[in-house]
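There are 2 protein chains.
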Amino acid sequence: MDEFLKKRVITFLTILFLVACCSVRRAEARVRRYKWEVKYELKSPDCYKKLAITINGRSPGPSIVARQGDTIIVELKNGLFTENVAIHWHGIRQIKTPWMDGTEGVTQCPILPSDTFVYKFVVDRPGTYLYHAHYGMQREAGLYGSIRVLLKEGESEPFRYDYDRSIILNDWYHKSTHELSLGLTSINFAWINEPQSILIQGRGKFDCNTVGTTTTLCNASNPECAPYTMTVVPGKTYRLRIGSLTALSALSFEIEGHNMTVVEADGHYVEPFIITNLFIYSGETYSVLVTADQDPSRNYWASAKIVSRNSTTNGFAIFNYYPTHPRRDPPTILPPGPHWDDVAPRLAQSYAIKARRGFIYPPPQKSDRTIVMLNTQNTVGGYRRWSVNNVSFNMPHTPYLIAYKHNLLHAFDQRQPPDGYDFVGYNIFAPPPNPNATISNAAYRLEFNTIVDIVLQNANTMNAKNSETHPWHLHGHDFWVLGYGLGKFDAGKDSERFNLVDPIMKNTVAVHPFGWTALRFRADNPGVWAFHCHIESHFFMGMGVVFEEGVERVGELPSSIMGCGDTKGFYKP
Amino acid sequence: MDEFLKKRVITFLTILFLVACCSVRRAEARVRRYKWEVKYELKSPDCYKKLAITINGRSPGPSIVARQGDTIIVELKNGLFTENVAIHWHGIRQIKTPWMDGTEGVTQCPILPSDTFVYKFVVDRPGTYLYHAHYGMQREAGLYGSIRVLLKEGESEPFRYDYDRSIILNDWYHKSTHELSLGLTSINFAWINEPQSILIQGRGKFDCNTVGTTTTLCNASNPECAPYTMTVVPGKTYRLRIGSLTALSALSFEIEGHNMTVVEADGHYVEPFIITNLFIYSGETYSVLVTADQDPSRNYWASAKIVSRNSTTNGFAIFNYYPTHPRRDPPTILPPGPHWDDVAPRLAQSYAIKARRGFIYPPPQKSDRTIVMLNTQNTVGGYRRWSVNNVSFNMPHTPYLIAYKHNLLHAFDQRQPPDGYDFVGYNIFAPPPNPNATISNAAYRLEFNTIVDIVLQNANTMNAKNSETHPWHLHGHDFWVLGYGLGKFDAGKDSERFNLVDPIMKNTVAVHPFGWTALRFRADNPGVWAFHCHIESHFFMGMGVVFEEGVERVGELPSSIMGCGDTKGFYKP
Chain A
1 MDEFLKKRVI TFLTILFLVA CCSVRRAEAR VRRYKWEVKY ELKSPDCYKK LAITINGRSP
61 GPSIVARQGD TIIVELKNGL FTENVAIHWH GIRQIKTPWM DGTEGVTQCP ILPSDTFVYK
121 FVVDRPGTYL YHAHYGMQRE AGLYGSIRVL LKEGESEPFR YDYDRSIILN DWYHKSTHEL
181 SLGLTSINFA WINEPQSILI QGRGKFDCNT VGTTTTLCNA SNPECAPYTM TVVPGKTYRL
241 RIGSLTALSA LSFEIEGHNM TVVEADGHYV EPFIITNLFI YSGETYSVLV TADQDPSRNY
301 WASAKIVSRN STTNGFAIFN YYPTHPRRDP PTILPPGPHW DDVAPRLAQS YAIKARRGFI
361 YPPPQKSDRT IVMLNTQNTV GGYRRWSVNN VSFNMPHTPY LIAYKHNLLH AFDQRQPPDG
421 YDFVGYNIFA PPPNPNATIS NAAYRLEFNT IVDIVLQNAN TMNAKNSETH PWHLHGHDFW
481 VLGYGLGKFD AGKDSERFNL VDPIMKNTVA VHPFGWTALR FRADNPGVWA FHCHIESHFF
541 MGMGVVFEEG VERVGELPSS IMGCGDTKGF YKP
Chain B
1 MDEFLKKRVI TFLTILFLVA CCSVRRAEAR VRRYKWEVKY ELKSPDCYKK LAITINGRSP
61 GPSIVARQGD TIIVELKNGL FTENVAIHWH GIRQIKTPWM DGTEGVTQCP ILPSDTFVYK
121 FVVDRPGTYL YHAHYGMQRE AGLYGSIRVL LKEGESEPFR YDYDRSIILN DWYHKSTHEL
181 SLGLTSINFA WINEPQSILI QGRGKFDCNT VGTTTTLCNA SNPECAPYTM TVVPGKTYRL
241 RIGSLTALSA LSFEIEGHNM TVVEADGHYV EPFIITNLFI YSGETYSVLV TADQDPSRNY
301 WASAKIVSRN STTNGFAIFN YYPTHPRRDP PTILPPGPHW DDVAPRLAQS YAIKARRGFI
361 YPPPQKSDRT IVMLNTQNTV GGYRRWSVNN VSFNMPHTPY LIAYKHNLLH AFDQRQPPDG
421 YDFVGYNIFA PPPNPNATIS NAAYRLEFNT IVDIVLQNAN TMNAKNSETH PWHLHGHDFW
481 VLGYGLGKFD AGKDSERFNL VDPIMKNTVA VHPFGWTALR FRADNPGVWA FHCHIESHFF
541 MGMGVVFEEG VERVGELPSS IMGCGDTKGF YKP
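Heads up: the protein sequence lines correspond to chains A and B, in order. Start counting the first sequence at 1; every next residue gets the next number (the UniProt record's numbering). Start counting the second sequence at 1; every next residue gets the next number (the UniProt record's numbering).
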């Protein structure tokens, strides 16, 4: 082989090697590392200045964008002064890392000021997820953001789009979480009431005129509260990943004059259907496809309207057609949206969501255990509470996961909460009598790898002829949504109508006013998992439960989750 | 012995026994147990509604009243939602219980929400003391109260009075401590500014007209902000135990038309002297005797005026002569008090305070070590800071006491801070150049049982021709106040003028503008002790140091103080 040929061969082999290398590298899961500092900052997301909890100075915080199989490492420094934090990775199942779920009191002790806690977990499924504070009511202070998990490189979605965008919807309160929390936990009960504004991707518009001219707290021309602008190129199709992290509100989202095709819910493909407005409840995520197919010489309103309560005026953003100026208001008035009190279209959307053909995970055909959960308001010991089967949840201060693993069983009530309520005698259409309601931190223990059905049974609140919408969120699992109904769930008849063919899997689902929602999951993720109404104040007032499953299979717990409650007694120098 | 006599003898012996018993019981130290819950409450101490941190619903919190030698047990439940707490027992030396000093970061980890921490300590000396939050700037949120330690039963004071009363003076801010803390720790520095009002025993008067009529936050006729009334009986003498826990302000306290005789300072008897107004700095306590010897047909103003800063209008209370109506305003205008900028009378009071004859603890005639502490403002890394010898203190998140005892020495900077500054070259009358200022958590290690002199050297702030008053407070000890002076301390000449005859002992002492203050103490209390400016924002900005002494003599630390920083690594199930 002459020198020239030799060189060419070497070059060729080198290139081959590099190409091979890179291909391997491209398919490999990556470690994505984030350094975050949680801090107070004065923010004016809706023109009104408020002390918000931010990440790296921002609310919503930085987005996590990763690929399926990647490892996420978030070094979270608590830069608050006297307050702790914990962050939950909403929709991430934390398989083999149940201590990384970020649920204070369930999976970890809170993170103390000036401490750095390292969250490390794998994002094992593509889809649209969220993160947010899971401690007290800190989510309402602005501590939240989005997680976007892309397919592995080279893989493709079963639908086509040109661009991918994330939008978080939220409602916003001007009072501090401390003051709101105080009102909810006082005998002299003070409800949080309706939010002051709706935020789209962290921006809203509060009417500064309502607070008078003597204060400098509100400034309508603050650029921080200029509406969020989504610029689109005519003819292109956008995947909008829409998540809701409202404290309270159910929302209807729409883009004036544009249809939306629903393709994903909570990380699962949806058999596509077209809507003009998307109903979305706190804790849910959806991907919709929107094509910029309207007159490109103007802009359009995007709006978020509160439904289910007669509440705050709509939040809005600008759907901006390039090259129209992004700050140019649309020539139209804001779309009014659906009537707040019209439940029918919301039910219709819930019913419409099925797993996409070709991507159906068939549910087990029957369950090993059914827990019916009556959702009621109560007064317990003079305090206004929410409860499940007359048990109002309160968080112990030794996290369940640690307590179970290390036999600190005195840390919480060892009785099991009830699997049902008085199906025959209880009238779900009347305010609850419930003289036997209690406050407890008892937990459900599920047999490992069994199939569990949950039927959420809605009922009348303490106000006559009133029932609310509650989005329930399950940690550590997705569940099949087997069915919805109005009125009292009938175990015989209604379970025969369960969708066992193509139910969607989700992690958050609504139970509608005076209705029921049935879901099924496999208790196959060793750990302890919260299941609760995602309305932050409702969970704070007791609307939640905890499931333990296979905790004996959980590996050694990291010391970083310790330090509170009885885990201080572990001290052995 | 006949039956009758026998009975009488038995009766007599029984009585004798009971008398003996009771006498013993009377002299015995008692255990005094308190159950406190720390909670947020909406309070209007100065008519303006604010979220305050309260104890059992009150701010100031409940008073501790005990006798010398009693054991105090406070079961402190943290009822905040996401915030920790720690309470310092100001003036109690915590002999043999250094872990009960309540100084977060120095002697304990903070107390987590819903945790109950049991403080247990002996009040070994009679006198007037205080308690308050020692975590972040929570003191400013209202978490404070008074401790009154009486002589053992049967013992008597060297002065006569009829009644004993405690009054705490404070200044009050309407912004939350979170917002104030944020301003102080931002590159875009926001000073806390002057307080909105002065509180006397938790009551002040903010002018509601200044906030306009659009808000319901301020209500001038709220009974919570009716002035504090001290009712006196004509002719009687009152011991007023006056403590100051201002966030910032130096105060002058007076009772219109009444002289006051100073008899106690920080738990030590003072050679009595008569004043018309008492200058008092944050962290100090004084007992003054006041005789109700004026025209009893009217009331008199008590007033607290800010000195050393041209600040907020005076706080006031009503000195009410029984049976005049307690709500009847005095017929006079509020006494104007001394001019805010007149330093001379304040120096005069400092110089006047000596130990009372017959109660003099003679100081050691010389010291083993002298640490001169230059007090300056600096900008370090873009942040506005206070520093001592160019070192600005920051709190580590593993408490020193635990770190020293358990060799977690990586938890803080192991170098020792400097014992002095550039005495020759540094101009205390000019703004500091200080290009070499640093932020550090290094601590001073003092040889056990040695005599330590501290000379606090005041200097110009970063504003030309400005020097402030700083009250320095030492934990775990009383110190002898050896002298004060103006200008730069001269180690040769000035130390020869030290008062080694009858210096008062105190735990808090002021260094006056452009002046110096010398103090001496014996490092005989095994533990780790903070020494810092008692202006809460100044300490928060770095104006403090930490002393370790004889930590090897400290007994086993309770696990209840653990849980934070590196003490989580102690986890061994």
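Do not take every clue at face value.
Copies of the same chain look alike in the list, so a pair counts if it works inside one copy or between any two.
To be verified - Straight line, CA to CA, 30 Å or less: simulated DSS-like cross-link-like pairs of lysine-lysine:
1) K49 <-> K175
2) K366 <-> K77
3) K175 <-> K205
4) K205 <-> K49
5) K175 <-> K39
These are calculated hints, taken from the structure and not from any lab test.
Each hint, compared with the structure:
1. For the identical chains of this complex, K49 and K175 are neighbours both inside a copy (11 Å) and across copies (13 Å), given an alpha-carbon limit of 30 Å.
2. In this assembly of identical chains, K366 and K77 lie within 30 Å of each other by CA distance neither inside one copy nor across copies; the values are 45 Å within and 47 Å between.
3. Taking CA atoms no more than 30 Å apart as the test, K175 paired with K205 passes in both settings, with 16 Å inside one copy and 24 Å between copies.
4. In this assembly of identical chains, K205 and K49 lie within 30 Å of each other by CA distance both inside one copy and across copies; the values are 12 Å within and 26 Å between.
5. Taking CA atoms no more than 30 Å apart as the test, K175 paired with K39 passes in both settings, with 18 Å inside one copy and 17 Å between copies.
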